[in-house]
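Asker: Which chain is which? The protein sequence lines are F and L, in order. Counting from 1, one number per residue, gives the positions in the first sequence under my numbering. Counting from 1, one number per residue, gives the positions in the second sequence under my numbering.
Please keep in mind that the hints were generated in silico from the structure rather than gathered at the bench. Heads up, the beta-carbon is just placed ideally off N, CA and C, and yes, glycines get one too. Hints may contain errors.
What the hints assert, rightly or not - One-sided excerpt, in silico: chain F residues whose CB lies under 8 Å from chain L: (1) 33; (2) 45; (3) 74; (4) 77; (5) 82; (6) 83; (7) 84; (8) 85; (9) 86.
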Amino acid sequence: MFEPGSSGQIEVPRLSTAEEQMGLPRTLLIAAAEEALIESLGTKYNERNTRGRRFPNSDAGERLFAAGIDEVILSFLPMPQRVSIEGLRGTVSRDSKSFRFNLPS
Amino acid sequence: MPSVVIGLHPHLIPAGTIANGDLERAMTEPLAEGRDEVIYLVCSHRRVHFGSKVDSAGGRFAYLATSVWGGMAWDTEEAWARITLPDHARPSALGWAILDPALESVEGLTHRDFDPELDPEGDGRHRHELLPWIYDRHLELGSDKAEGRGVVERGEINFRLEYIGKAEREALRRTTGPHHKVPLILGYTLVVRAVSACLFPALRAPCCDV
Chain F
1 MFEPGSSGQI
11 EVPRLSTAEE
21 QMGLPRTLLI
31 AAAEEALIES
41 LGTKYNERNT
51 RGRRFPNSDA
61 GERLFAAGID
71 EVILSFLPMP
81 QRVSIEGLRG
91 TVSRDSKSFR
101 FNLPS
Chain L
1 MPSVVIGLHP
11 HLIPAGTIAN
21 GDLERAMTEP
31 LAEGRDEVIY
41 LVCSHRRVHF
51 GSKVDSAGGR
61 FAYLATSVWG
71 GMAWDTEEAW
81 ARITLPDHAR
91 PSALGWAILD
101 PALESVEGLT
111 HRDFDPELDP
121 EGDGRHRHEL
131 LPWIYDRHLE
141 LGSDKAEGRG
151 VVERGEINFR
161 LEYIGKAERE
171 ALRRTTGPHH
181 KVPLILGYTL
191 VVRAVSACLF
201 PALRAPCCDV
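Please put together the full structure from these sequences, using the hints given.
Answerer: Quick look at the structure:
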């Protein structure tokens, strides 16, 4: 966790450590990561499955907000040079910025 | 109120890992150390293939596949990548693969139950798909690990994301349930569109730019 609006490079602890320090269930963090990935990049098959419930207006988004979180940032460790992953909505490459989500209040 | 940062570390696994029943191995190999949780990004890419040409400096060329009715052809108008192999490696006779003993000697990837009598090349113990091999060379660019592993010029890899498989080690093995489309998607990408498929387990990262 860090203050909203900040930027720079930060150390991210392992999930087990984050779970202990933040008091957020591991399953919730993983669900949030999955839903945020689907929303950030976009895939045809996943969107058929999720229909109108798209992160952060989703179960994980609402549970995170209820736990006192108001922003989720999804960040990729730098990709190798000359490599990209392209979804329907977003692309990840070495120069990509992180994806930010304000949770619904 | 605070923010949560979720860091993802992409790591490439050839799709054949599933067909071989080795998906679990991807989590237990020496290089898997530190993997925490996995989300599968099923991606496709045009298949790549060694050409027969070798230039005066020993460079070999790889080409991208194009789809044609009834099969696959290679775009030989322009080479996709130029590859300088280390002395210990050579193209597989299969064209879309490479034989590189450093996968075992350096990376510790052993081939369980390898039987040369059943292998189409006889010595395919160290066979590796060319596309992930090139990905690894891109990954090592500028690091000490690149020493002696070969050099790839150009070879832009643009994966197309097909499907995101939920976290859980068995996620892509299910024959029914929420991930039942994965075999369908892989079959579609491998056969119909003449492309190769890869998986990206996205992992927690030690450090992230936010």
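Asker: Now tell me if each hint is right for this structure.
Answerer: Right, here's what the structure says about each hint:
1. Below 8 Å, beta-carbon pairs count as interface contacts, and residue 33 of chain F has one with chain L at about 5 Å; its hint therefore holds.
2. Hint status for residue 45 of chain F: holds, given a least beta-carbon distance of 5 Å to chain L, under 8 Å.
3. Here the hint on residue 74 of chain F is kept, as its CB sits about 5 Å from the closest CB of chain L, short of 8 Å.
4. Restraint check, residue 77 of chain F versus chain L: the minimum CB separation of about 4 Å is within 8 Å; hint holds.
5. Interface hint at residue 82 of chain F: satisfied, since its Cβ lies 5 Å from the closest Cβ of chain L, which is below the 8 Å cut-off.
6. Here the hint on residue 83 of chain F is kept, as its CB sits about 5 Å from the closest CB of chain L, short of 8 Å.
7. Below 8 Å, beta-carbon pairs count as interface contacts, and residue 84 of chain F has one with chain L at about 5 Å; its hint therefore holds.
8. Given hint, residue 85 of chain F at the interface with chain L, holds; its Cβ is 5 Å from that chain's nearest Cβ, closer than 8 Å.
9. The restraint placing residue 86 of chain F at the interface with chain L holds, with a minimum CB-CB distance near 6 Å, inside the 8 Å limit.
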